[in-house]
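Novice: Given chain U, work out where chain G should sit, using these hints.
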Amino acid sequence: MALEEYKGVFVFAQQVDNVLDGVAFELLGKGKDLAAVLNTEVTAVLAGSDVKGLADKLAEYGADRVIVVDDPELKEYRTEPYAHALASVIDEFKPEIMLVGATAIGRDLGPTVSARVKTGLTADCTVLEIGDFPLNPVAGEEQLHNQLLMTRPAFGGNTIATIACPYNRPQMATVRPGVMQKIDPIAGAKANVVEFNPGFTPNDRYVEILNVVKAVKNTANIMDAKILVSGGRGVGSQENFRLLDDLAEVLGGTVSCSRAVVENGWQPVDLQVGQTGKTVRPQIYFAIGISGAIQHVAGMEESDLIVAINKDEDAPIFDVADYGLVGDLNKIVPALTAALKAAQNE
Amino acid sequence: MKIVVCIKQVPDTKGGVKFNPDGTLDRAAMLSIMNPDDKAGLEAALRLKEQYGAEVTVITMGLPKADEVLREALAMGADHGILVTDRVLGGADTWATSTTVAGAIRNLEYDLIITGRQAIDGDTAQVGPQIAEHLGLPVISYAQDIKIEGDSVIVQRQYEDRYHELKAKMPCLITALSELNTPRYMTPGGIFDAYDAEVTVWGRADLKDVDDSDLGLKGSPTKIAKASDKVRKGAGEKVVLDTEEAVAYLMGKFKEKHII
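Chains as they are written, first to last, in the working numbering: chain U, -7 to 338; chain G, 784 to 1043.
If you are wondering where the hints come from, they were derived from the structure by calculation, not from laboratory data. A few of these clues could be false.
Stated by the list, open to error - Straight-line Cα separation of at most 30 Å, BS3-like style, residue types lysine-lysine; simulated pairs:
1) U:Lys86 - U:Lys(-1)
2) U:Lys67 - U:Lys182
3) G:Lys1038 - U:Lys303
4) G:Lys1021 - U:Lys218
5) U:Lys270 - G:Lys991
6) G:Lys1040 - U:Lys333
7) G:Lys1021 - U:Lys86
8) U:Lys(-1) - G:Lys1001
9) G:Lys991 - U:Lys110
10) G:Lys832 - U:Lys218
11) G:Lys1038 - U:Lys218
12) U:Lys67 - G:Lys952
13) G:Lys1038 - U:Lys333
14) G:Lys1040 - U:Lys323
15) U:Lys218 - G:Lys1040
16) U:Lys24 - G:Lys991
17) G:Lys1006 - U:Lys24
18) G:Lys1021 - G:Lys1040
19) U:Lys333 - G:Lys1036
20) G:Lys1009 - U:Lys218
21) G:Lys1038 - U:Lys323
22) U:Lys110 - G:Lys1009
23) U:Lys270 - G:Lys832
24) U:Lys24 - G:Lys1040
25) U:Lys270 - G:Lys1021
26) U:Lys24 - U:Lys218
27) U:Lys49 - G:Lys1040
28) U:Lys303 - G:Lys1036
29) U:Lys323 - G:Lys1021
30) U:Lys49 - G:Lys1038
31) U:Lys333 - G:Lys1021
In isolation and in its complexed conformation, chain U is listed as follows:
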């Protein structure tokens, strides 16, 4: 593998039902930063069926070029035709960096493609930078420049590792959704579109889709939620969870709860956070009327941002909260919901 043949920053522009996923724009935003350091371009790889119309939108968010792989076999996501599409693009266009969103699609597509093109893949990155490897000069070892340094949490978020992929190309990473910043869209930007079709011949690895079942609200998986509005005993009753439902709705979040709430029969066990429930790591965790027993904290302390609302000033939840509000949740929660709604309508 002649590493210097590999040029440019590529991002996989995930779409489902011909709607681009927000992570595609976030990757373009980050890709632009990396490309500026490397003095190269950002290319979006758009795969799907009848998706060409989405190319300009990718240009608005920073794509210098869009490679479109359009084929009826790519109508719904399936590992094989998509892996074939992306691996073929990599073989043909030879990017030095390939970024994929760490979604339920990207975390299947990324590993399959990395194994196929024989390169490394770093999962669920939260920081991407260009730098040297090794970080500091080591006697007897060449220090390589302009390497992609990929930082990610591991050990349930208890350790942080920075990974490089110095001797293989492309340097591949899946990137946690919601972490990178998208740019303000450039109105009227037009994509430089390159159409590419490697040919799709179904075989046993093309699995058959029998059914597509879209989730109803009740099956929300709190482990995948970006925003959790979690209630404890202090909420007081099943009916009063309505306040949390309203806040979750305005934020596009999901309601979860503590063990006491499940024991009182106010919420199903699927929504329970903590040692005997689920471990969650959303971007924002609201702990409302939750005292913060160690068993609960163990399940949510790795959340990016913790907001606690509790009337007891000494509640242990305040020891892990970034922002703690001492007060009556029955007043604060509806007022906060109203303020967020007003901000959205501005």
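Specialist: Chain G only, in chain U's frame:
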């Protein structure tokens, strides 16, 4: 039907996480467990065994100590255990790990391979799909339900906002979510038998169609530049304000953090 289940011994990071006084991870104080998603995969295999009849082989790669999780699997009802262990396999990233496990599985007959979606120490979710790729098999990740129909599997594949019901011809590889089921406990008789059971131990020489250059630390395309234990954050700000001020305070913080 022959089912191979891939399992991993991991430190218990959920709930049982222990810290040193300086805020770093106290690994020595943490228990080793069978990775939860893998255990769900094993449970799924055992249920298929009960329903359709199957021979279940569990395989793990790790230190000699990983023998413990194989015996736990045998005590739950698996038929055979294989430990892949060798100094030259140490320090493997997901590429080298999946290459190793695929090299071991090439010695086995199988209709179905089940792995956990991801291990709680690395959280990568990469090894399952990469094993499938090395073996040239169809892969179905994030399985929340598994059924057999003739020579095919029918699987519910979970996404953020939906699931796909998929049909794949066997042999294929499935990665299991811990939500798939509630794993059974070991039976006392099972535990007794498991400690007498023969566990097969394989080393580098037993791996089929694998190059030395693809194994262990040297065969890993990804290299660790830096690793550190995350120092736990302490308490943030706590304010006692009336409702209106409290909301204004929080809205200000959200704006500062670009949340709104």
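Novice: Evaluate each hint against the coordinates.
Specialist: Comparing the hints with the structure gives:
1. U:Lys86 - U:Lys(-1): It holds: about 6 Å lies between the C-alpha atoms, which stays within 30 Å.
2. U:Lys67 - U:Lys182: holds, 24 Å
3. G:Lys1038 - U:Lys303: holds, 25 Å
4. G:Lys1021 - U:Lys218: Holds. Lys1021 (chain G) to Lys218 (chain U) sits at ~23 Å (cutoff 30 Å).
5. U:Lys270 - G:Lys991: violated, 39 Å
6. G:Lys1040 - U:Lys333: holds, 18 Å
7. G:Lys1021 - U:Lys86: Measuring from Cα to Cα gives roughly 51 Å; hence the hint is violated.
8. U:Lys(-1) - G:Lys1001: Satisfied, since the Cα-Cα distance of roughly 25 Å is no more than 30 Å.
9. G:Lys991 - U:Lys110: holds, 18 Å
10. G:Lys832 - U:Lys218: Violated: Lys832 (chain G) and Lys218 (chain U) sit about 37 Å apart, past 30 Å.
11. G:Lys1038 - U:Lys218: holds, 17 Å
12. U:Lys67 - G:Lys952: holds, 21 Å
13. G:Lys1038 - U:Lys333: Measuring from Cα to Cα gives roughly 14 Å; hence the hint holds.
14. G:Lys1040 - U:Lys323: holds, 24 Å
15. U:Lys218 - G:Lys1040: holds, 15 Å
16. U:Lys24 - G:Lys991: violated, 43 Å
17. G:Lys1006 - U:Lys24: holds, 25 Å
18. G:Lys1021 - G:Lys1040: Given that 30 Å is the threshold and the Cα spacing comes to 17 Å, the pair holds.
19. U:Lys333 - G:Lys1036: Distance of about 16 Å is within 30 Å: holds.
20. G:Lys1009 - U:Lys218: holds, 28 Å
21. G:Lys1038 - U:Lys323: holds, 21 Å
22. U:Lys110 - G:Lys1009: holds, 23 Å
23. U:Lys270 - G:Lys832: holds, 28 Å
24. U:Lys24 - G:Lys1040: Distance of about 22 Å is within 30 Å: holds.
25. U:Lys270 - G:Lys1021: holds, 26 Å
26. U:Lys24 - U:Lys218: OK: Lys24 (chain U) and Lys218 (chain U) at ~25 Å, within 30 Å.
27. U:Lys49 - G:Lys1040: holds, 26 Å
28. U:Lys303 - G:Lys1036: holds, 20 Å
29. U:Lys323 - G:Lys1021: Roughly 17 Å separates the two Cα atoms, so the pair holds.
30. U:Lys49 - G:Lys1038: holds, 26 Å
31. U:Lys333 - G:Lys1021: holds, 24 Å
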